[in-house]
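Novice: One-letter residues, chain by chain:
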Amino acid sequence: MTDNRELYQQVILEHNRKPRNFGKIETYTHRAHGDNPLCGDAYDVYLSINTDGLIEEINFDGHGCAISKASASMMTASLKGKTVEEAEGLFEEFHQLIMKKMDPNKDTHKLGKLTVFSGIWQYPARVKCATLSWHTMKGALNHTSEITTEV
Amino acid sequence: MLTMETNISKIRQDFPALKRLVRGRDLVYLDNAATTLKPQSVIDAITHYYTDLSSNVHRGVHFLSEESTARFEEAREKVSQFISARQSAEIVFTRGTTDAINLVSQSYGKTFIKSGDEILITEMEHHSNIVSWQILCKEKGCVLKVAPITDEGELVMDEFEKLIGPKTKMIALVYVSNVLGTINPVKDIIRLAHERNIPVLIDGAQAVGQFPVDVVDLDCDFFAFSAHKMFGPTGVGVLYAKAEYLNLMPPIQGGGDMILSVSFDKTTYNTIPYKFEAGTPNIAGVIGLGAAVEYINQLGFESIVQHEKDISAYLTQSLGEVEGLKIIGRAKNKVPIASFVLDHVHPHDIGTIIDEEGVAVRTGHHCAQPLMSRYGLPATARASFSLYNTKEEVDILIKAIEKVKAVFK
Ligand SMILES: Cc1ncc(COP(=O)(O)O)c(C=O)c1O
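Sequences listed follow chains V and W, in order. Going by this note's numbering, the letters in the first sequence line up with residues 1 to 151, in that order. Going by this note's numbering, the letters in the second sequence line up with residues 1 to 409, in that order.
Read the hints as simulated data drawn from the structure, not as lab findings. Careful, some of the hints might be misleading.
With a straight-line Cα cutoff of 16 angstroms, these simulated EDC-like cross-link-like pairs (lysine to aspartate or glutamate) come out [said to hold, decoys possible]:
| hint | chain 1 | residue 1 | chain 2 | residue 2 |
| --- | --- | --- | --- | --- |
| 1 | W | K242 | W | D219 |
| 2 | W | K162 | W | D188 |
| 3 | W | K187 | W | E161 |
| 4 | W | K242 | W | D217 |
| 5 | W | K409 | W | D343 |
| 6 | W | K405 | V | E14 |
| 7 | W | K403 | V | E6 |
| 8 | W | K403 | W | D355 |
| 9 | W | K409 | V | E14 |
Derived coverage of chain W by chain V (criterion: at least 3 residues anywhere in the stretch with Cβ under 8 angstroms from a Cβ of chain V; other residues may be distant) [stated by the list, open to error]:
| hint | stretch |
| --- | --- |
| 10 | 346-354 |
| 11 | 364-377 |
Glycine is no exception: its CB is placed at the ideal position from the N, C-alpha and C atoms.
One chain only, chain W, in its complex shape (with noise of 0.2 angstroms):
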C-alpha cells in the first residue's frame, strides 16, 4: 500500500475545487471543518442521479422509481455498514446533524422529558446541541446542565460524573470539538451513563470521516452526522439511533412515506426509519452520501488517521513557533484542527489578510458562544485540516500569519 504522502497528490487530483485559483494564487482550503470539499465520484453520482433517474423513492413502480429506490436504499445500507450499526433501519437520513439533535430532541425529548428532569451537555458544544435542548427545557421546564472543561480543551471527568445526577434523564454532548478540535472520551461517559440507564446522544459532525466510528462498540444510544463535512453534499446527515429508541420515539412531522394506511380517522405510521422520513427526501444528497462513503472506504482510515496524526503535530508545532499566537485547545487527543488568536490582531483581520494569500481559514464563533465567553474571548482564526492538506499548507499558513503580524507591527 502506498502511504499517504507518496499518495497525497493523487488523491488533491480527485478534488476540482482545488484546481481554482482564489485572487491568482493556489487555494489553500483550511477550512474543513465547516465543510469539506468534493470529491468529483460524488459529484458524479449526484449528477448521475439528476441526468439518469431523477425519479422519486419509494413510489413508482415504474423502472426509474425503482433505479433511485434501490440506489437511495443502497447508500442507506453503506451508511449503516460504515458506522457498524447492527440493521440499516436505524439509519434516519435528515438535514444534517443539526437536523438529527432536534429530531431527538422534538421526538425523545419532547415524549420521555418531563419538568425537572435534567440533560447535561459540556462547555464545548456547538449551539446546535445546545439550542435544541434549550427549546425543550423551555416548552417542559426541564433544565440544562453543563459540564466544565479545562484551560486546555478536555472534560473535567470528575466533575462530569458529579453533574450525573438521578434528575439526569440525557447526556448530549460532542464527540470532537469543531473549535478545539478535541475528542472526547465518549466511549467512558457512554458507559458512566448507562450504568445509570441514562441514554447519550452524541454529535459526531467533526468525527465521522477523520477516524472509524462503530456506534455498537460506542454503545451511543443517538448519533448525529452531517454529510458535506465528510466530502458529501450539503443538506443531508444522519440520525443513528438504537432500533428500541427509534420504535418508542414518535414521529414530528407528518406527511408522505412516514405512513403505511391514512384514513380522516385513523393513521399508522411506517416502521422505522421510515416514519421519521416525512416528504420526498434529499435523493441526490443521499446518493452522494452513500458515494462519499465509498470514497473514505477507498482510501481506508488507516492512511487517513496516519496522515491526520502527521499533519496535527506538524501544525501544533509549527503554530507554537509564532511568536504572539496563541493555540486555543491543546488537547492531547485532538484531530487537525487549531484555533488561535494573535496579540493585538483580531481575528476578522487575520482572516482577511490570509486570504489575500489564498488561505481560507474561518473565523469568528465558530457557532459556539458559550465555549468563546469560557475562554474571553470574542472569536478565534480556526485552520482545520483533511486529508488532501499537506505540511507545505502549513507552510503557507505560517508564511500568511507573518503577513498578519507585519500589516499590525
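Okay, chain V solo, but in the shape it has when bound (with noise of 0.2 angstroms):
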C-alpha cells in the first residue's frame, strides 16, 4: 500500500506553501507557457539568460496542484545561476527520476533536493503535475512558447 505522505512530504508542502520565484518578472529573454488540459494546471516560466549563457533569473507564474507547484517552485530555485547547459542536464536527470529510470541513493546526479519527486511514479496520474513547469522550462530554452502535457 502507498501511503500519501511520501507524496505530499514536508518540502514539497512547504514549496506549495511559500513558492519560490513565484509571479511574473518584468524583463525576461525567454519565457512560455504550459497547461496540462486535463486538470487546467497552467504556468508561465520566465528566464533571463545572459550572454554567457548563465540563468540569471527564473520565475514563474499560474496555478496548479500542490505537486505542480512544489515542482515548479524547486525547479526555479535549482536553476537558478545555472547555465543553460546545466539546465538541459538537470531536466533530462529529472525526467529520469520521475520515470523510475534512475535510483536517486546509487546513480550520481545533481539533482539535490529535487528527488523528493522520486516516489511519484507511484502516482501516474500525478506524474504530469510535477513535470509540466520543467517541460514549459525546456519550452521557453527551446523558444516554443505554447507547451501542453497532451500530444
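The task is to assemble the complex, starting from two chains supplied on their own in separate frames and drawing on the hints.
Specialist: What follows is the structure, encoded as C-alpha cells:
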C-alpha cells in the first residue's frame, strides 16, 4: 500500500505554501506557457539568460495543485545561477527520476532536493503535475511558447 | 415493499465492482456522474450475447442472427417504453450522448440552421453540448448564445427567455448538470420554445436512471443519453427524436443497414431509425442497455428517487459542516452530485489523498470548462452518488476530507 506521506512530504507542502520565485518578472529573455488540459493546471515560466548562457533570473506564475506548484518552485530554486547546459542536464535527470529510470541513492546525479519527487511514479495520474513546469522551462529555452502535457 | 435502506445491502450485492478492495480498503465509489458501476445482470446479458448468440443483426436468415436481431430490437422496445416514447422507431442507437448530440447538429443542424441563425445553450453545458454546436456555427455561420446561471447554479429564467429571439433555431440544454447537480426546469423551457416554434434538444446524460423521464410529457424534440451512466455498458447511447424530425433529417453516415437499396445511380435510405444506424452496431452494448433498463425497472423509481433525496440531503448537510469547504452548486432542485472546493487545497490534491482512503471522486473541470470559468475556478472535486451508495459512505468521504485538511494544515 502506498502512503500519501511519501507524496506530500514536508518539503513539497512547504514549497506549495510559500513558492519561491513566484510571479511574473518584467524583463526576461525567454518565456513559455504550459498547460495541463486534463486538469487545468497552467504556468508561465520566465527566464533571464545573459550572454554567457547563465540563468540570472527564473520565475514562474500561474496556478495548479500542490505537486505542480512545489515542483515549479523547486525547479526555479535549483536552476537559478546555472547555465543553460546545466539546466538541460537537470531536466534529463529529473525526467529519469520521475520515470523511475534512475535510483537517486545509487546513480550519480545533481538533483539535490529534487529527489523528493522520486516516489511519484507510484501515482501515474500525478506524474504530469510534477513535470509540467520542467517541460515549460525546456520549451522556453527552445523558443516554443506554448507547451501542453497532451500531445 | 422494502424500503431502499433495508434493500441497499442487497442492491450492493448486485454490483461485483463493489466487492473490490482499493489499496486494501473497501471501495467507496463516488464517481457515478462519470460512469456508474454495472450490475451482474447487465454483465450477464453482454456475456450471453458473446457466448450464445455472437451473430450480426438485421442480416442473416440463420437462427442465431434472428435471435440476435430479436434481442437487439427488444432492447430498443425496452428503451422506448422506459422513456415513454410514442414508438420504438424514435429510438436511434448511438455511441453515447456525445454522438447523439453530434448527430442532431450534423444532420438537423446542417440542414435547417442557416447563417445568422442562433442556437441557445446554457452556461452549465458539458463540452459535448457546446463544441458540437460550435462546429456547426463555424461551418454554417450561425451564432451560439449562452444563457446565464446564478451563483447557486440555477438558470436565470427571465434572462433565458430574453435570449430566445426570432433568429433562435435551436435550444439545447442539459437536464441535470454533471457538475452542479442542478435539475433544470426543462419542461417550462420546452413550452416557451414551442410557443415560438423552436425545437429543443435535451442532454439527458445525468437524468436517465435518476428519476422517471417521459419524453412525451416533456414534449422535447430531441433527447440524448448514454447507457454507461445508467448502469449499462460504455460506447452505447440513445438519440430519441420525434419521428417527424427523424423523417426530415438526412443520414450523416452511409453504409450497411441504413439503406433499402443501393445502385451506383441511386440509393434509397432505410426507414427510421435504421437510416441513422449505419454499419454493424454495438449489439452487445445495446443488449446490455436493455438489461440496465430492466434492472432499473425492477428496483422501481419510487425507491430510487427517495434514496437519492435522502442521500442528497445528508450529503449537503455533512459537507456544509466541514470548515473551509465550499459546495459549488446549491440549486433547490438537485441530484446527489456535489462539487466542492477546499480553502488552500487544489482539487487534485484532494482527489489523490482521499483515494488513499479508498474514496473515488472526480477532480478537474468535468468537461465543463466554461462553467468552471463562470465560477472562477480551475477545477473542483466532485462526489456523485448512486442508488448503491450509503450514508456511511458520506461519513467516510467527510473523514477523508478531514485527512486532506490535516495534510495541508
Ligand atoms: C451532462 C453530460 N452530457 C454529456 C456527457 C457525455 O456523455 P458521453 O461521454 O457518454 O457521450 C456527459 C458525460 O460526462 C454528461 O455528464
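Novice: Compare the structure with each hint and give your call.
Specialist: For each hint, the structure was consulted:
1. W:K242 / W:D219: Holds - the C-alpha atoms of W:D219 and W:K242 are around 9 angstroms apart, at most 16 angstroms.
2. W:K162 / W:D188: It holds: about 14 angstroms lies between the C-alpha atoms, which stays within 16 angstroms.
3. W:K187 / W:E161: 14 angstroms, holds
4. W:K242 / W:D217: Distance ~13 angstroms between W:K242 and W:D217 Cα, so the pair holds.
5. W:K409 / W:D343: Distance ~10 angstroms between W:K409 and W:D343 Cα, so the pair holds.
6. W:K405 / V:E14: With Cα atoms ~15 angstroms apart, W:K405 and V:E14 stay inside 16 angstroms; holds.
7. W:K403 / V:E6: Satisfied, since the Cα-Cα distance of roughly 15 angstroms is no more than 16 angstroms.
8. W:K403 / W:D355: Holds: W:K403 and W:D355 sit about 11 angstroms apart, inside 16 angstroms.
9. W:K409 / V:E14: 11 angstroms, holds
10. 346-354: Holds: 6 residues of the stretch 346-354 of chain W have a Cβ under 8 angstroms from chain V.
11. 364-377: Since 4 is at least three, the answer is holds.
In terms of the numbered hints stated before, the structure departs from none.
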